[in-house]
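Asks: Here's the letter readout for the chains.
Protein chains: 2
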Amino acid sequence: MSFGNITQHAGEWLRGQGPQSDIVISSRIRLARNLAGFSFVNRADVVEQRDVLDRCRREITDRLPDGEVIWVDLNQSTPLDRQILVERHLISNQHAKSKAELPRAVAIGADETFAIMVNEEDHLRIQVLRSGMQLAEAFEQINRMDDTLGQHLNYAFSKKLGYLTACPTNVGTGIRVSVMLHLPALKLTGEIEKVKRAAKDLHLAVRGLFGEGSDALGDFYQISNQVTLGRTELEILADFQHSIVPQIIAYEQQARAALLRDRPAQLDDRIWRAWGTLTNARQLGTEEVLTLLSHLRLGINMGRIDKTDVATLNQMLLLSQPAHLQRLCGKEMDQAERRQARATLMRQKLGFA
Amino acid sequence: MSFGNITQHAGEWLRGQGPQSDIVISSRIRLARNLAGFSFVNRADVVEQRDVLDRCRREITDRLPDGEVIWVDLNQSTPLDRQILVERHLISNQHAKSKAELPRAVAIGADETFAIMVNEEDHLRIQVLRSGMQLAEAFEQINRMDDTLGQHLNYAFSKKLGYLTACPTNVGTGIRVSVMLHLPALKLTGEIEKVKRAAKDLHLAVRGLFGEGSDALGDFYQISNQVTLGRTELEILADFQHSIVPQIIAYEQQARAALLRDRPAQLDDRIWRAWGTLTNARQLGTEEVLTLLSHLRLGINMGRIDKTDVATLNQMLLLSQPAHLQRLCGKEMDQAERRQARATLMRQKLGFA
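Chains as they are written, first to last, in our numbering: chain C, 1 to 353; chain V, 354 to 706.
Every clue listed holds true.
Derived CB-CB ranges, DEER-like: (1) V:Gly-656 to C:Lys-194: 48 to 58 Å; (2) V:Gln-447 to C:Ala-257: 42 to 52 Å; (3) V:Phe-705 to C:Asp-262: 21 to 31 Å; (4) V:Pro-675 to C:Ala-257: 25 to 35 Å; (5) C:Ala-257 to V:Val-399: 54 to 64 Å.
To spell it out: a stretch of chain V is covered by chain C in this simulated footprint if at least three of its residues, at any positions, have a beta carbon under 8 Å from a beta carbon of chain C; those stretches are: (6) 609-623; (7) 632-646.
The list that follows gives simulated cross-link-like pairs (lysine-lysine, BS3-like), each with its CA atoms no further than 25 Å apart: (8) V:Lys-660 to C:Lys-307; (9) V:Lys-684 to V:Lys-450; (10) V:Lys-660 to C:Lys-349; (11) V:Lys-702 to V:Lys-660; (12) V:Lys-684 to V:Lys-702; (13) C:Lys-97 to C:Lys-331; (14) C:Lys-307 to C:Lys-349; (15) C:Lys-331 to C:Lys-349; (16) V:Lys-702 to C:Lys-307.
Hints listed in this document are in silico derivations from the structure and should not be mistaken for laboratory results.
Glycine included, each C-beta is placed from N, C-alpha and C at the ideal position.
Pulled out of the complex, with its shape left as it was, chain C reads as follows (with noise of 0.2 Å):
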């Protein structure tokens, strides 16, 4: 794996282009497929894995484009680097951990659009990620990787249930629709809990910056779907394209100028508040850069504070994450050095050092 300048560019989740990108950080369609003829992955002993993984590698190298895609086997990556594929939102935290000797890895898309995890829950786990509002240039991606995909490997499908997952809530589709949204005006308002409420009645799950089990750390909301049997991909689709995403962005910006009406001095004072702890803190934790950097980047979007801008912004969320802070660092560091390089790094960002 070469990540030798993987810390100068924010990858495409955080590209912070996109339509309505001062809302919708990213989106997301992930699909879960596996080989008929093999145990699942949790099912399975080291060769019939090593095995799956071979003929995945095959087709996922020979099948899509030369030079677009780079492959990383995990079992022989270091824990360092896999934790900068966790904070790029490239392989999920459970493949990161896995225990050693299953073998493993990751498909990556040059450009980070796309990522396909190999031995994880399920043999393949399908996605494509792209910044701001894109689902329907998501799924047409997805669609065409996936087509390509199951040409040539013989996907497990039942014609009663779809396609068949190793956990039973992915069955069917096998799709899982997701959006990141950033509401830090809902959050300020306290307004999030009844966005939570309508969207468990919707059968939506609302998880955090790292999806299952992580709190809504930065005000960043990844909202998804729990349901993948009974409806198809376009029904799913058009949900959160037409109605979820939109009804919430409406939400925030209503909240956004509610905040500016009712409380402008307690806005502004926490979106400054953020710049002078982050322009002059000596030591920084993750989750408080998280909360700051999200207090700037809404007095950004809202035309409160013009000394940064959110491409700025978004490369430091990534950056202060513990394993890239570490690679740019060039050494491994301990929580307090951790700390200290974070608010140093924060500050050069910021033109304060």
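Use these hints to put chain V onto chain C, whose structure you have.
Replies: Then chain V, alone, in the frame of chain C:
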């Protein structure tokens, strides 16, 4: 009362000069005196209270040099003016807030080194306040004033008990010696609790910025004697000058050295965060300002930051108090308005607005 330019200077107690002023903010001595043949204030009716007030005014304004003393009838001043005197440590909170019909006043030295409260708890409360560690100078000054007034006002005195006072805790010498110390390092390291216990064993009172009942806001601690009976003024004074204050100063200096040696990043983080917040916040409460100024004061005194100076901090400390702030802005303001005005003022004083 003319307070035309009172917001332009910090008064004596915050002048920020004098020996050891990096730790000793101010030295204060006060004497409790009553006139023989008159009831104590709380036992007298208004006629008698008025009589005492008139006698005291005559002697004070006659005997103390012309142009050096400002007489303020507190019944005729506004609550805001009285609060300004409290914030300048020239009258007590109790004196500011007595019931309206009690005839009471304060005579203030034009340089604010002395203040004589008339009809507070005792007929006379004579206070001398000096910036830095100047107990000897304060004692000399208050002795002179006490002698002058005592020649013309017949003090209530018992050969057995000494000076008679309304509260038995003041009987005897009627003296209270106190120093206002800035002890941020002892607070940060938690060792302040040891100092407090030691002070208690020595029958010393440890109070906050505004005396009785106030918290140790901004890491300011007022240390004063509690025993006035059975010891001479000189013994009490010598204890403070040669034992108590030097010891606490040494402890604070050791704590500062330990912070610098053991956790310089944490120390700098606190200092620079204070700077970042003071130069950027849009809303600030009194208590938060005191805390932030305390960290900044520590940073300046330890040479960790050179963006401003102690004189500026002292001015900020005084002017951020509610009454001074309103006087400075030339209007009455509610709490929310004050929080904004205070933040603006802080930024102005630090060159950020």
